[in-house]
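*Asks:* Residue numbers (our numbering), protein chains in the order written: chain A, 2 to 160; chain B, 19 to 394; chain C, 8 to 378.
Keep in mind that the hints are not guaranteed to be accurate.
Once the Cα atoms are required to be at most 25 Å apart in a straight line, the calculated BS3-like pairs of lysine-lysine come out as [as the list claims (entries may be wrong)]:
no., chain 1, residue 1, chain 2, residue 2
1, B, LYS255, A, LYS50
2, B, LYS368, A, LYS43
3, B, LYS160, C, LYS344
4, B, LYS73, A, LYS159
5, C, LYS344, B, LYS217
6, A, LYS129, B, LYS368
7, A, LYS150, B, LYS73
8, B, LYS73, A, LYS147
9, A, LYS147, B, LYS321
10, B, LYS205, C, LYS59
11, A, LYS50, B, LYS368
12, A, LYS69, B, LYS73
13, B, LYS264, B, LYS108
14, B, LYS321, A, LYS69
If you're looking for bench data, these hints aren't it; they were derived computationally from the structure.
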Amino acid sequence: MNPLNAQAIFDTLKGKFGDSVVELQSEGCSPAYVVVAPGSIKEVARFLKDAPALSFDSLMCLSGVDYKDNFAVTYHVYSMANRHSVGLKAMLPRENPSLPSVDDVWPAANFQEREAYDLLGIVFEGSKDLRRILLPPDWEGHPLRKDYKYPESYHGIKV
Amino acid sequence: MTARPEALPTQEMTINMGPQHPSTHGVLRVILTTDGEVVTRAVPDVGYLHLGLEKIAERLNYSQFMPFTDRLDYLAGMNCNCAWAWAVEKLAKIEAPERAEYLRVIVSELNRISSHLISFGSFTADMGAFTPFLYGIREREKVNDLFEMLCGQRLTYNYARIGGVSGDAPPGFLEKTREFLDYFEPKIDEYNNLISYNKIFVQRLANVAVISAEEAVAYGLTGPNLRGSGVAFDLRKDEPYSVYPKFDFNVCVGSGERGQLGDCFDRYMVRINEMRESVKILRQAVDQIPEGPVMAKVPRVFKPPVGEVYFRAENPRGENGYYLVSDGSANPYRAKIRAGSFVTMNIFEKVTRGLLIADIVAVIGSFDIILPEIDR
Amino acid sequence: MEALAISLIKAVPFLGAVPVWAVALVLMVAVAAVVLAFALTFEGVGSLVLRKVAGDIQVRIGPNRVGPNGVLQFLADGVKLILKEDLTPASADRPLFKMAPYFVFVGSFAGFVVVPFGVGLIAADLNIGVYYVMAVSSLVVIGILLAGWSSNNKWALLGGMRGAAQIISYEIPVGLALIPAVMIAGSLSLQDIVRSQGGLWGIFGWNLFHNPFTFFSFFLYFTAAQAETNQTPFDLPEAESELVSGYNVEYSGIRFGYFFLAEFGDMFVVAALTTALFLGGWNIPFFHAETLPWIWGNLLSLGVFLGKAFTIVLIMMWVRWTLPRIRVDQLMRLSWKYLIPLTFFNLLGVSLWLLVFNGKGIPAMIASLFG
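Whole structure, please, built from the sequences with the hints as guidance.
*Replies:* Structure (structure tokens):
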């Protein structure tokens, strides 16, 4: 067991991926998170999981956040072997938010990606199965977006 | 046996298991594709109980959201209450008084016992033995009595507060808790005698839906389901929060005692053994609880600093995590609820391939899912 | 029945003008009514006892609202079942759907005809009694299959298929486990079988104690019969936690009531057969029922018989509320891999025993040692 702190994890990632790893955000954040370019999220995830010093084998939580100007997907990962954790954050543009899926790195991601897709409309490319999960397949809009307008009715049923 | 396709055309049958079915623990819907009794594919379809809690949270302030967490896992409302309080306190850098932390641990562990009792009972009822269910209910009533004494509620407690708990333990509560523990501990052996090692019961569960340790971790299983696969990981021990470090208890893991490691029986046994550990924690907590206030000075409406927190607590149904993003206002900017049952359903399709219909029921029961937590 | 009719005509003068067949017919109807009345009463009381016993086993009270201590609960249940709407699903096969409960009901009730309640208390002492029970109880499988198929519901279909597979599989061990008793008595008539167990103070003559193989046979029969009549832990056709309610899921009202009654009917028939074949039937311990006056002999033997049968029913209820349900593959394995070979072995054992010891049982041999 060899827990690393967030700074060490960030340095390792920075050394490996260069500009794709943008910054470390630790102020007021627990766990601290590393901002990653969305396009390289899958490679970073793969590295985080496979590098022995990191071995982040457990994806605790995957969340989409609507920051009004843009979207973010936050990954909270944990290492059972090294007992350390870190957050990853990928900032996405407001228009057509999409990034590669990590569900073949961490299978646990699938349902949570579906949830982020369902509620926020973030598209995870290459996902095994990206369908709406909590809402009906023909639901319009993504309710967790800050600019979501509640529909008047659904199939003639007043909402 | 292979049927001759040209002579006897057969086709797979699609069956809708749920959303109304006695053994799907609520409104889970599983779309079964079966070849006779053999399930070739079981796809869970969740969302029938979507409450929109995360959206609601954005419109309420931190304290106002507390009663909603009860509805998250209605069999372990105390655990969800406390987890929310701990998460918000971490975000807002509030410290609850020690007595409040002890009370939180006491109610969490009591609720863990009562939740595991329901899990044990409904699981055996799914297996066709209805009697143990009522034995579980009998003891759960006593836990509910204790909670009623504490906060006036028996199901949706709303007991924790940001910065403490809603009220101190009334006189006699701790004694009653002690009495309950003395009464309850021998009952665990009674359950084991009643059903746990029953030959039919073991045969129904052993070697069914085996999940290896690697798979369990990769698929994000948590809590008893993860430990059932032999991974000794318990947030109370490995990422300690509150006053848990002060207590001495063991992490129960599956041992593959009646079949392969990680089968339904192991997941079941972990819950049974965990009740014993909870009793252990409770005894220590009841003995050590200090005097003092139960509520820190927290304004009714407070504004945590800008930042974000992911906090997770060990709930009866696995990791209950809250990802809170604060923009400095009184309401959470984003509150993502990570629930054990939801992530667990991810592995459902994988482990149920090739099982019998009766085994599907066993798998659902052994995961101990609860629907409001899945659909939130 | 005809003989009885003739003797009745002789005994009662004013019946002289009535043709024999008419009297026989009236008698048949009367006997059938009595048997049915008994069966229904048993079922009503049985359901109440079942619920009370279940309550006791499950640390709860059980029904206690209707009548003193809830003893009239079964009447309320019956009234409810009759008054509820009898729904037929729109997509069901209507004629088959409506017919199915009768098959199950008849299959279970026809068994009552040959149950030897007492010395002279039997609706029809058929010389093929055991065979008859086996045959009519097979009607149940048709009913279950029809119900499952005609409901046009996949759960019901699965239940019906399970039921058919299960009942057919378990008829073999049931039949084979009954044969030892038939061999010892040398008759298929249930009265003859009961009489053959009357010796040695009416206890040690029981087939149960005849020899080790019959002792074993009793348990084999009891297990297989539980399965054949779909009792827990073999209640797979209606497994409510898996198949919702199995073959009867679409039934309501009195048609559901028929299934419900048939279940209790089956329970009693199995208990009665177990009693008659292995536990000495109506033989009163230390007395010869046939030497007593007619009325006392019959009443006493009826009491003894019902006592034994109800004890078996209680044991069945106890099992029902204790054990979990086994899985469908385990069920088939139990029948084909264990019960059938064991019953065959047992049959062979009994045959050899009867051959070697000239039909004498162990108690009889011990008795002959002491003169």
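*Asks:* Run every hint past the structure and note whether it holds.
*Replies:* Status of the hints after comparison with the structure:
no. : hint                 : result
1   : LYS255/B to LYS50/A  : 23 Å, holds
2   : LYS368/B to LYS43/A  : 23 Å, holds
3   : LYS160/B to LYS344/C : 46 Å, violated
4   : LYS73/B to LYS159/A  : 19 Å, holds
5   : LYS344/C to LYS217/B : 17 Å, holds
6   : LYS129/A to LYS368/B : 13 Å, holds
7   : LYS150/A to LYS73/B  : 12 Å, holds
8   : LYS73/B to LYS147/A  : 9 Å, holds
9   : LYS147/A to LYS321/B : 20 Å, holds
10  : LYS205/B to LYS59/C  : 24 Å, holds
11  : LYS50/A to LYS368/B  : 22 Å, holds
12  : LYS69/A to LYS73/B   : 15 Å, holds
13  : LYS264/B to LYS108/B : 20 Å, holds
14  : LYS321/B to LYS69/A  : 20 Å, holds
When the structure is compared with the earlier hints, a violation turns up for hint 3 alone.
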